[in-house]
Amino acid sequence: MDTPENTGPDELPRRFGPIASLVRRELLLVGAVLVLLALIAIRFPAFVTPANLASVFNDTSILIIMALGQAAVIITRSIDLSVAANVALTGMTVALLNAHVPELPLLLLVALAFLQGLVLGAVNGFLVWKVGIPSIVVTLGTLTIYRGLAFVLSGGAWINSFQFSAGFLGVPRAEFLHLPLLSWLAVAVVAATTLVFDRTSIGRAWFAVGGNPTAAVYAGIDAGRTRFLAFCFSGLLSGLCGYLWVSRYAVAYVDVASGFELDVIAACVIGGVSIAGGIGSVGGTVLGALFLGIIKNALPVVNVSPFAQMAISGAIIIAAVTLNTRAERKGGRIILRPQVAAIPAE
Amino acid sequence: MSPLRKLVVSTALASVLMAGAAQAANVRIALVVKSLGNGFFDAAHKGADEAAKAIGGVEIIYTGPTTTTAEGQIDVINALISQKVDAIAISANDKDAVVPVLKKAMQRGIKVISWDSAVAPAGRMLHLNPSSNELIGNMCLKLAADALPGGKGDAAILSATATSTNQNTWIAEMKKQVSKYPGLNIVTTVYGDDLSDKSYRETQGLLQTHPEVKVIIAPTSVGIVAAAQAVKDAGKIGQVFVTGLGLPSEMAGAVHSGATKSFAIWNPIDLGYSAAYLADDLVKGTKAEPGAEMPIGRMGKLKLEANDEGAMADPFVYDKSNVDEFAKIF
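First to last, the protein sequences are chains A and B. Just so we're aligned: the first sequence equals residues 1 to 346 in this note's numbering. Just so we're aligned: the second sequence equals residues 347 to 676 in this note's numbering.
One thing to keep in mind: the hints can contain errors.
What the hints assert, rightly or not - The following label-pair restraints were derived from C-beta to C-beta distances:
# : chain 1 : residue 1 : chain 2 : residue 2 : range
1 : A       : Asn52     : B       : Gly496    : 27 to 37 Å
2 : A       : Gly141    : B       : Asp670    : 38 to 48 Å
3 : B       : Gln585    : A       : Leu39     : 24 to 34 Å
4 : B       : Gln585    : A       : His178    : 19 to 29 Å
5 : B       : Asp442    : A       : Thr144    : 22 to 32 Å
6 : A       : Thr144    : B       : Asn514    : 24 to 34 Å
Claimed, not checked - Coverage of chain B stretches by chain A, computed from C-beta distances (three or more under 8 Å per stretch; other residues unrestricted):
# : segment
7 : 597-606
8 : 619-632
Said to hold, decoys possible - Incomplete in silico selection of chain A near chain B, CB under 7 Å:
#  : residue
9  : Pro102
10 : Phe151
11 : Val152
12 : Trp158
13 : Asn160
14 : Phe162
15 : Ala250
16 : Pro300
17 : Met310
Derived by calculation from the structure, the hints in this document are not laboratory data. Quick caveat: nothing in here was measured; it's all calculated off a predicted structure. Beta carbons are placed, not taken as given, at the ideal position from N, Cα and C, and that holds for glycine.
Given the sequences, and given the hints that come with them, work out the whole structure.
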């Protein structure tokens, strides 16, 4: 590895490289979002009123939170397909508790949602880390297991709006400075994730492991443990979303958020998180989620046939992946690349 | 057969045999359901018992597997054949898988009908549909007209997926019969894919693009719940009403919040009642053939169409006055 004297000066160009290109990419996404909004406004001007945009943001909050968790996992070269099943199981748990023991305080239920989400994520992480099964296989398995458990818990029955306590449904809807609490939660998670990604050793480790696992090991990073923590992070946020989802739609059943994992992954991919790992940013992921959220909210109002809707969503995802793979070929935004060893020679 | 299931079936068999010995003269009708412990079927059992009492000399054997599997039902039917019941009325977990064993039952002189969820024609003598596409389409329009002041105004349909066969059939029936309700317009159809989040978003979109729509018809249980929640969250209770097909337990909240005035679904009590009546008709010698009219007690008559299928009645309407009572059942 580099001697300590060498890391200082080399740090600058290596860190500036990715930041500059990520900024470019995010500007591109901002541009795409604005063009999209302009196109929608031509067909349905009321869509771009501030009140409606706020409601679109609120609707996209859950997607943003889950996409940030997924981004951490994808950055470490893994994937978490079980996030939506985690939402269903955790949502069902808190819904059942609220329906049967309404006196439990909401804070306790939210803490429990976090905890259960974390445990479910840790199970994925553990299997990837200690058992060494590829993450796509592990989470494909736990996806079915978690949904199955939601069925076992509920016996297939629905928990319906009138069974929930007023606070359970009301708190995420409560308005504070013109935005519902749900939106503020998304803002808080964005801020927290930015801190984790940019200011903590684990955040840097996620990027290092995804960028070049071999070099990361030489740098003293335990790749398995790092991935494990990424799965825990994704599970933690999914658990929170379990409560948020059930509260937002005021119903809990086994098929809640069915297929939502694909939306979450799509948001990451559109936002520039590389499926090959090592690349991604909070800003990009949020923009990716917003892009998808705007499309989901706009399609019903611009009067597009339901068959075309699916094709449009799919085409956008493929376009985003194409852009990404082309951007990756240029390289230069991964820290701890194989060339690291050659740098001291400069 | 697992030892546990063997034990369950043989215990059930033994208890039924003992009960049978006590009332040997009775007509014994087995009501075979998709699975035990389901509120919908428990309600059907109630209806069947009511029919048994009304007819007299009829004994209902309420049975089914513990999980909704065809294998489980086949075990149960085999047990019923060896008990020599007079009739089997089944809501099938798989329309083809149970045909061979039901054929065996018919060869031994047991009358077989299916209800709720059909068995292929080879495996039963007649099938009782809870309602018909025509009646469901008409009921949705009637509910929409009832929600509108003077029955006049614009309605929109929130469906499941754009490829869902039963939804499309019902929507086509609504469009065909809408002329019976002058003043009622169907302006658009949107698709929520039977996902709560998409249905919710489609409803929000509807409220924006079609502010003139005063009633949303959702003939799907996921859609109607999501639409009612979206209307409530948009603060449009009293201006926009949600109606359609849903289950009372899922819709009780919407009815109390005022987002929904009334909605409909078939009544499982009536369904069990009619199934028991039809099974008894067959035992008493009525022949099931297309065109036949079979008496079903207080429900009137069942007219058999092609494939020996018949539709029981209009879907049953639920509103503030009865939703809580039925919410406890299903």
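Results for each hint:
For the hinted restraint 27 to 37 Å between A/Asn52 and B/Gly496, the CB-CB distance of approximately 32 Å keeps it satisfied. Distance hint for A/Gly141 and B/Asp670: a CB-CB separation of about 42 Å, consistent with the stated range 38 to 48 Å. Look at B/Gln585 against A/Leu39: about 30 Å separates their beta carbons, and that is inside 24 to 34 Å. In this structure the supplied range 19 to 29 Å holds for B/Gln585 paired with A/His178, their Cβ-Cβ distance being about 23 Å.
Hint check: B/Asp442 to A/Thr144, Cβ distance near 26 Å, so the stated range 22 to 32 Å holds. The hinted range of 24 to 34 Å is satisfied by A/Thr144 and B/Asn514, whose Cβ atoms lie roughly 30 Å apart. Taking a C-beta to C-beta cut-off of 8 Å, the segment 597-606 of chain B contributes 6 residues in contact with chain A, enough for the three needed, and the coverage statement holds. Here the segment 619-632 of chain B counts 0 residues with a CB under 8 Å from a CB of chain A, which misses the bar of 3, and the coverage is violated.
Because the beta carbon of A/Pro102 sits about 14 Å from the nearest beta carbon in chain B, more than 7 Å, this interface hint is broken. For A/Phe151, the suggested interface contact is broken, since its CB lies about 11 Å from the closest CB of chain B, more than 7 Å. Taking 7 Å as the C-beta contact cut-off toward chain B, the hint placing A/Val152 at the interface is violated, the least distance being around 12 Å. Hint status for A/Trp158: holds, given a least beta-carbon distance of 6 Å to chain B, under 7 Å.
At a threshold of 7 Å, the smallest CB-CB gap from A/Asn160 to chain B is about 5 Å, leaving the interface hint in force. Taking 7 Å as the C-beta cut-off, the interface hint given for A/Phe162 holds, the closest approach to chain B being about 3 Å. Below 7 Å, beta-carbon pairs count as interface contacts, and A/Ala250 has one with chain B at about 5 Å; its hint therefore holds. About 3 Å separates the beta-carbon of A/Pro300 from the nearest beta-carbon of chain B, less than 7 Å, and the hint is met.
Using the Cβ-Cβ criterion of 7 Å, the hint placing A/Met310 at the interface with chain B is not satisfied: the shortest such distance is roughly 9 Å.
Consistency note: the structure conflicts with the earlier hints numbered 8, 9, 10, 11 and 17.
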